[in-house]
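Using the hints provided, position chains U and Z relative to the given structure of chain G.
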Amino acid sequence: MQFTAQQISLLLNGTVEGDALAAVDKLAKIEEATTGALSFLANPKYEPHLYTTNASIVIINNDYVLTEPVKPTLIRVENAYSAFSILLEQYNTIKLNKAGIETPSFIHPSATIGKDVYIGAFAYIGPNVKIGDKSKIYPNTYIADNVEIGDNVTLFAGVKVYFDCVIGNNVIIHSGAVIGSDGFGFAPAADGSYKKVSQIGNVIIADDVEIGANTAIDRATMGSTIISKGAKIDNLVQVAHNVEVGTNTVIAGQAGISGSTKIGSNAVIGGQVGIAGHLTLANGTQISAQTGVNSSIKEEAKQWGGSPYLPYKDYLRAHVNIRRLPDMEKRISELEKIIAELQKANG
Amino acid sequence: MQFTAQQISLLLNGTVEGDALAAVDKLAKIEEATTGALSFLANPKYEPHLYTTNASIVIINNDYVLTEPVKPTLIRVENAYSAFSILLEQYNTIKLNKAGIETPSFIHPSATIGKDVYIGAFAYIGPNVKIGDKSKIYPNTYIADNVEIGDNVTLFAGVKVYFDCVIGNNVIIHSGAVIGSDGFGFAPAADGSYKKVSQIGNVIIADDVEIGANTAIDRATMGSTIISKGAKIDNLVQVAHNVEVGTNTVIAGQAGISGSTKIGSNAVIGGQVGIAGHLTLANGTQISAQTGVNSSIKEEAKQWGGSPYLPYKDYLRAHVNIRRLPDMEKRISELEKIIAELQKANG
Amino acid sequence: MQFTAQQISLLLNGTVEGDALAAVDKLAKIEEATTGALSFLANPKYEPHLYTTNASIVIINNDYVLTEPVKPTLIRVENAYSAFSILLEQYNTIKLNKAGIETPSFIHPSATIGKDVYIGAFAYIGPNVKIGDKSKIYPNTYIADNVEIGDNVTLFAGVKVYFDCVIGNNVIIHSGAVIGSDGFGFAPAADGSYKKVSQIGNVIIADDVEIGANTAIDRATMGSTIISKGAKIDNLVQVAHNVEVGTNTVIAGQAGISGSTKIGSNAVIGGQVGIAGHLTLANGTQISAQTGVNSSIKEEAKQWGGSPYLPYKDYLRAHVNIRRLPDMEKRISELEKIIAELQKANG
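Protein chains in written order, with our numbering: chain G, 11 to 357; chain U, 11 to 357; chain Z, 11 to 357.
These are calculated hints, taken from the structure and not from any lab test. Among the hints, erroneous ones may be present.
Copies of the same chain are indistinguishable here, so a pair counts whether it falls within one copy or spans any two.
Okay, derived cross-link-like pairs now, DSS-like style, lysine-lysine, Cα gap no bigger than 27 angstroms in a straight line [stated by the list, open to error]:
no., residue 1, residue 2
1, K205, K312
2, K354, K239
3, K55, K81
4, K125, K144
5, K108, K125
This is chain G alone, in the form it adopts within the complex (with noise of 0.2 angstroms):
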């Protein structure tokens, strides 16, 4: 699809300067742009592209003021960037506009369906499914047994819901996460084999949650493993059985989570960091990349790095030093030799 200046302009409420019959049927940034693209300026920083730029419009902000002629046409508007974000989300909600049941999918007959859903071909909708208004479930998704799904829900294609899992509002997953699969609990037998404990709980998420590609969130042995409201976890996460994620904590990719484990609000887990089982993240805790936390946090809103976990300035400092290492031990062995000659002499 194809837009003029024009029609933009009068979407943004802005003013164009130039061509208003320039159109573009595309989204880039300026230092890519090429032309029939639509780009947009709010960075300082980027600032000479704008003279250099083959976007086709560019959105620059009403007080910018031009110090050289310019090829592009402008639109003029209060904020260039969320301006540009208005379009983005605009042109996404075209993109992922899918409706109406796809076939062959199946759904079964105990299933509750809202208004506006998408369900692509080969869904699997199992029995006593209730799933809300215009949620999209994309093609080969599987939903197992009693599932709840809120409305405006997207599950990207090839999600897993295992049965009895319950998932809140405008909630996200993409492709290839599960969610309810068994946690990992085994009894060990005197023979040194080990016997499955059931795991019969259910994972809850909340609200507002995006949950990443790959990523897998084990159902509760009993209860609930829980994603609060806006929590958002990258992709390839592993999320042990009744862990408790906190609202509008943040989870990088390829973090793991052990059992039981709860996490409070706010924090921001970096990738590949591991988090032992049964511990307490307090409220607003950060946790760089690949750091291990093997005991529970109680201070909020601190900084923590390496494994295992130091606060995260003393964690910068111990290894600045443990690249000196040769070099104290260089020292020591310098200061003994010393010393073994000074006693001599004292001797």
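Just chains U and Z now, with coordinates in the frame of chain G:
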């Protein structure tokens, strides 16, 4: 489904104290139980909850002596914990009681399907596949040519098994796990590019193995990648080509085992552990989380930690000292200063 | 299928020694081969196995001189290793020789499908998708709107490709891999919640790339996440938005590359490595397993290790010293004691 205290007591061969018609429809921990829930008390630590719980029925030991009156109906048994475990299992058996062949599914005419098998919609059963009795193949699962699957196996939704792989009896594989993908083998060419080395082996999974969600187990280059009887592998684990995992060995989430490494029996591999290729790890080896193992381990049943790894106690001691490094550096500087003065004085 | 020594010899342009009618139906390593297997001897280390193997046929070099009589039929060729590699490839080509369009599958009427393409059952080919000649789309695979796929591409079962992504020729993607999921981008709001930043870019995968099982490659926020020609990516790897991976670069299992980082060509990234965002790594960079890279690397073709990372040799030396830390601490204490005495004596 609702069950009364009388019905449950009959099943467990127990004795009812209180209202025999008290009814429950769910299982819960004693500290979290609500009305209508069945719970149990085994660990004395949880004793106070017996007198405050909202559970409708609680299972307790025959020899437990009440110290106050209780609200819930009690069922007395010899061992409350194992009685409750029996109920958990029965609950799960009912929950997972899938049967029959759903449509559409793809079953190649040359495949052999046992008795009482469940095949979910959109499952794909390729040429010459054999599936034993009472196995459950959930929806959207893919089983390629010549795969053999034993009795009483569960492949949850979206499991993928490549051609020629062999799966024993009583195996459970969780959603998204991939069995038999190509090993990561490439021969460097003179121009810096890589030529793929064909991976023609398979994966053999013995009886009683459980494999977690989104775990990947690569096929052998030649021969077999082997997961031995009773091994338990958690979510998002990487098992490379030609690896052998011993009997009853447990591997926690996000651990990675590189090509051709052999892990003995009854080993415990922690979360996010990395093990290099072509190593042998002795029986009973215990590796703590995030450890990096870069050489073979010959002594049995020892514990290790750190990256690169050390005996666990040495690792702990070394890491206490890492914290003290800035202090140690200061002490060395101090000594150097004093000695310089002593030398001058002695001069 | 069975093949005789004579047939194989013809194929390899070799010479038969022994029973020309000896027949095989499988390939095996010389030390593991059973009756009916074809094997080869190239590495002198395995020479003793030639005289004990149960293989029915062994391929050896023309110039190899027998030191004892052998049981198997021999096929002599110029280079036994490359002759065997040819057979491995042919074996695999036969194994993976899928063709035709299975039903049910979902192929949008606006999609363009090349010649000699395999499309498995329950595969989903969305609107405006283009698939080149001789490509294989295995069952349960999902290809979203506008995706372009070249010639001779293999997408194994359950691969998911989001809209607008581009895949070159001769690409292999293993089961469960996700291409084009949203980048992990959120703008913090004043109330502690996060607002999703729309991710409207795509992923471009160049020719001759291989991607492992359950790996996730996120689409760019704007522009493209790029995997360059000949790159090889193992299982369970995380590639974040706007990352660029250079030509012929190899990334081992469970490594993670954060947003906007650019890795040069011919680099080798070890297993479980973590690389922070917005970095540039020079061509030929080698990162050992579990390393954490937190700054750009400008020197080409150097090796690095540790978290945070150091030049590989410094890392090894420092870690030897970590083991000695308790001892170093003792030596410092000893020196302090002696010096205190010396000072007293001198005082």
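Evaluation of the provided hints:
no., hint, verdict
1, K205 / K312, "between (40 angstroms within a copy, 23 angstroms between copies)"
2, K354 / K239, "neither (72 angstroms within a copy, 67 angstroms between copies)"
3, K55 / K81, "within (19 angstroms within a copy, 69 angstroms between copies)"
4, K125 / K144, "within (6 angstroms within a copy, 38 angstroms between copies)"
5, K108 / K125, "within (13 angstroms within a copy, 29 angstroms between copies)"
Against the hints set out earlier in the document, a violation occurs for number 2 only.
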